[in-house]
Amino acid sequence: MTDATARAPSRGRRLLFRLVLLCLPLVLLGIGEIVVRVVAPKNRGSDPFLKLSGTTSRFGEVEIDGAKWFRVQHADLYAQNDVRFPVVKAPGTLRVFCLGGSACAGWPHTGAQSFSAYLAEALRNAFPGRPVEVLNVGAHAYPSYRVRGVLEEVVRFEPDLLILWCGNNEFVENRSYAAAGGVRRLVTAVARTSRLFEILLDAAADVVAPTPVLDADMREAGVFIFSQLEQLALELRTDPTQFASVIDHYRFTVDAMAATAREHGVPLLVMTVPVNLRDWRPNVSHNGVAGDALERWRAAFTDGVRRLGAGDAPGAVAALAEARNLDPAHAETAFAHAQALVAADRCDEARREYVAAKDLDLTPFRAISALNDVLLDLARAHEEIAFVDMEQHLLATAPRCAPGFEWFLDYVHPTKAGNLAIAKRLFDEILAKDLLRAAPATRDFVRADDGYDDAQDLSVQLHVLLLFFFMHQEQSFVDCADRLIAQIAAGGADPANDPLAQLLREGRDGMVRILDERARTLRGEASDPTAAARHQDWYRGYYARVKQVVDAARAGR
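Residue 1341 is where the sequence shown ends in the working numbering, and the numbering goes up by one at each step.
It should be emphasised that the hints constitute simulated quantities derived from the structure, not laboratory data. One should not assume that every hint holds.
Below, in silico cross-link-like pairs of lysine to any residue (SDA-like), each with a Cα-Cα straight-line distance of 25 Å or less [as the list claims (entries may be wrong)]:
1) Lys1331 with Pro1313
2) Lys1217 with Ala1165
3) Lys1208 with Asp1173
4) Lys1331 with His1319
5) Lys1208 with Asp1234
6) Lys1217 with Val1230
Taking the hints into account, I'd like the entire structure generated from these sequences.
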């Protein structure tokens, strides 16, 4: 044997040894991945953006007439509506859950006047002979990350369809996202493929920037009322990093809910979130310019509003367009410009400006366009998600250019007519896509008129009045108070001696003073320098008194 032939096997063994060394880490990682998937399986309830502590079930089991039922037991899910369903699902039952916030729940109506009740009636007519359960588990002020917890509970109740309507409450709860957004996004991306790396990167992210923790029970929504009364801009909206995290969190959450539905084999119907555009002024507007630019904006804005009030639509459009160019970030300017465009019969442009006004609002408690865009993106990416662009449906069919009080009681909660329009569009989509996997006897949307009228429901109107008040919709408050005082008089009471009418009159007169002060400022007249502080003090005191009346009306229903 030559030296060359003796050296050949040695060289081959060295190459093999190096190859083994190169592959060993991959083998160990593979073994580690298998072990952690067995020992620490993926927690579908995990959330890299925040943690909810002390999670409890929102449903309880009760016995009624010898039969076992599940019933909503958590106050946040409007337990007073007595939503319940059999523990043992009867053969042939079509069970639908509706998930979201208070708009989905039908608030401030009772459950009988919600979109889900109208949808249930239409489905029972379409599928005669089959039990139909449309169960509304919408929750008070729930952001999507809380709605997700509800969805993860209801998938165990054998649903045939899930309907998701959420996006109005993403800025309601006071929180601050961790700064390590890049690490969190990496965790989210890697988690889709590797449980081992998810654990390692999640631990690293918690060291760099600990995940914020919120109570699983709704504790933080007080920011909603406080920020409205004080007209405060929210950091979640004004800080670009926090704002981006809100959108990323929403995307992650809706995607996670879609994955949960997919894993359980349940169809998911997602709708974009419609809101009141035409009749709801932005809650908070701040100027984004200063100095000479601010003075030029003020002159153009004041001129435009004066011209609009005088009926000079073309002049108002021109002046307010100039104001928009001078300060593009001012929400109230976009809203006034939209009103002028409506007066000038320029609907397409008006719609765009109404949407801009909503999106520029610094306390955005109406679903902003970026959130609806997330839903559009997810629907395009996942064919299994049924999708209704409800925002565009109502926008395209609204009278006077954009949705207003004919379809919404306030900023997001539908009227009877709005709930009917939403229920019909969902009904049509359910049948068109065969989401219940059953043949309907008819495709006609049928709903018997029960004579209910939002305007005559005192409890509903008082709730709306309270919202008008603390969200600084002064003219809407005046109009609503006038209607209620007229109803009291029509009922035979003397408004001068009726306690409720007196309270309404005080609120009306206070709002008129605020409107008059604003008009004087717009006219360039000298204003009372102490007026703002006095108005704010009155606001706080009056709110407490009118809320007592509203709570009493709710308890008496």
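Hint check results:
Straight-line distance between C-alpha atoms of Lys1331 and Pro1313 comes to about 29 Å, which puts the hinted pair past the 25 Å bound. At most 25 Å may separate the alpha-carbon atoms for a hinted pair to count; Lys1217 and Ala1165 meet this at roughly 18 Å. For the proposed pair Lys1208 and Asp1173, the alpha carbon gap of about 13 Å is at most 25 Å, so the pair holds. Among the hinted pairs, Lys1331 with His1319 is consistent with the structure: their alpha-carbon atoms are about 18 Å apart, no more than 25 Å.
The suggested pairing of Lys1208 with Asp1234 holds, with an alpha-carbon distance near 17 Å, which does not exceed 25 Å. A distance of roughly 19 Å separates the Cα atoms of Lys1217 and Val1230; the hinted pair therefore holds under the 25 Å criterion.
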